[in-house]
Amino acid sequence: MRYAERNNGGVQRALYQACGFLLLLAAWQIAGKAGMGGKTLPALSDVLRVYTIGWRRALLLRAAVTTVSSAGIGLLLGAALGCVTALTAQLLPVLEPGLDRLAVVVNALPAIALGPVLIITVGREATPALLAAIPVFFLIYVAATSGLQSADQRLGQFFKASGASWWTRFLYLDAISALPALLNGMKLAVTTAMIGAVVGEWFGAPTGLGIVILNTMQNFQIPLMWAAVLVVAGISLTGYGVIGLLQSAVERRMA
Amino acid sequence: MSTIELKDVSKEFRINRERSVLALSAMDLTIREGEFVALLGPSGCGKSTILHLVAGLDEPSTGTVTVDGLPPRQLQAKQQLGIAFQEHALLPWRTVEGNLELPFQIAGRTSDREHIAGLIELVGLKGFESARPSQLSGGMRQRVSIARALCLNPKLLLLDEPFGALDAVTRRFMNLELQRIWQEKQITTILVTHTVEEAIFLADRVLVMSGRPGRIIRELQVPFPRPRAVETMRQELFHQLVDDLTLSLEP
Chain H
1 MRYAERNNGG VQRALYQACG FLLLLAAWQI AGKAGMGGKT LPALSDVLRV YTIGWRRALL
61 LRAAVTTVSS AGIGLLLGAA LGCVTALTAQ LLPVLEPGLD RLAVVVNALP AIALGPVLII
121 TVGREATPAL LAAIPVFFLI YVAATSGLQS ADQRLGQFFK ASGASWWTRF LYLDAISALP
181 ALLNGMKLAV TTAMIGAVVG EWFGAPTGLG IVILNTMQNF QIPLMWAAVL VVAGISLTGY
241 GVIGLLQSAV ERRMA
Chain W
256 MSTIELKDVS KEFRINRERS VLALSAMDLT IREGEFVALL GPSGCGKSTI LHLVAGLDEP
316 STGTVTVDGL PPRQLQAKQQ LGIAFQEHAL LPWRTVEGNL ELPFQIAGRT SDREHIAGLI
376 ELVGLKGFES ARPSQLSGGM RQRVSIARAL CLNPKLLLLD EPFGALDAVT RRFMNLELQR
436 IWQEKQITTI LVTHTVEEAI FLADRVLVMS GRPGRIIREL QVPFPRPRAV ETMRQELFHQ
496 LVDDLTLSLE P
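Top line first, the protein sequences correspond to chains H and W.
The numbering of the first sequence is our numbering, which starts it at 1 and goes up by one.
The numbering of the second sequence is our numbering, which starts it at 256 and goes up by one.
It should be emphasised that the hints constitute simulated quantities derived from the structure, not laboratory data.
Note that beta-carbon positions come from the ideal geometry of N, C-alpha and C, so glycine has one too.
From chain W, some residues computed to sit far from chain H (all C-beta separations above 10 angstroms):
#1 K262
#2 R274
#3 R368
#4 E439
#5 F479
#6 R481
Straight-line alpha carbon distances no greater than 27 angstroms define the calculated DSS-like cross-link-like pairs of lysine-lysine that follow:
#7 H:K160 - W:K262
#8 W:K262 - W:K410
#9 W:K410 - W:K333
#10 W:K440 - H:K160
#11 H:K160 - W:K333
#12 W:K440 - W:K381
#13 W:K440 - W:K333
#14 W:K410 - W:K440
#15 W:K333 - W:K262
#16 H:K160 - W:K410
#17 W:K381 - W:K410
Please model the entire structure based on the sequences and the hints provided.
Below, the structure written as structure tokens:
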């Protein structure tokens, strides 16, 4: 009974969300057709037509592969660094205030200021991935730190009374208890990594969706530009959704 | 030969820079090997503090706590301590069986499947091996919790209000069950409780405590022979003792 209710609630909510989304798309279509946004706001149907043209589809696909690779590398790199830093702060509490401040400072560096520095130090190809990694690092550091402290207190006492070593406690309790918070962080990190990669490409990467957006803007190929923007948004939302599903599956398992 | 000894133990908890609370004061207590002792008292009388000191979860402010002449931490390290709390403290992502494997994993031993199966039967959970805690009732979770405390054949069993969160009917039933389980194992046990009937029915000796600072105000050697059954609770003497101890609990 409770399951049925919860499912109904979920279906209803998904329905509302879909309705809202469709309304937004319809408004876009109407505004575009009516020319309300001038030449720079094409109708949705004109943007979607871009995907039906073979060579444009191929261009977008190639660009998407590059951007997704950069974002993916940045995501993994940032997440790994974030987890390692959070673990270090846990293992050596003396370092925790320092690491906290370091993470905040790293996060406070604006990508716009950092881009040129990265271009001349690590090169144009590596800049998108690194610009993706930096905000991911901060997000995952914060998520992992709070996650590692989220284990049930009674369970902690049980582990202590049972003579558990730091490692066994980490393996069987803390790491697993940290999963929901960590996945929540990852969910946000996916979209941040995509933004970082696209912005990173603007500083002069050879290819990528960011480059397509930049070039089409300058050449006034407006429908293609919107098509590229939609691809970026689609990838971000898909990543967000997939990890969100994983997160709720894990949370159900841990309830 | 005595198993657990508290000598002149006091425990102070600091609240802030000016204020602190004396939870225990000049506590002397000896518990013999194989004895079942119940610590009975109102909440906040320091009975759980004693349990935490014996479990090595806390250090005394003054005095010494020893188990077989050794500090509790050594008992922890040797995995000879079984403990169950009021909140079941089971891993929610593991099944009943998986939770009973945990003590073996913590100890770095291979889990003894037969022993686990035996314990599941002992606590009456046969058929629920692959259920997860969220699928069990409160009483069943406490059974798992007690079975887990018994997994490594501990020398010492510590029960911190294990049935405190259960309704009266389930609690009474669990008392009968625990009496049956203990009868088979006869491990030195400390039970912390605020229920008079539970203390008298289960323990060999009941220590009544008063709070702030916690000290023992009364000691009762329970006269009922073992094994005890429901009939024990119906005896005139049982009711007398319950009334008697209830009176001594009143401030």
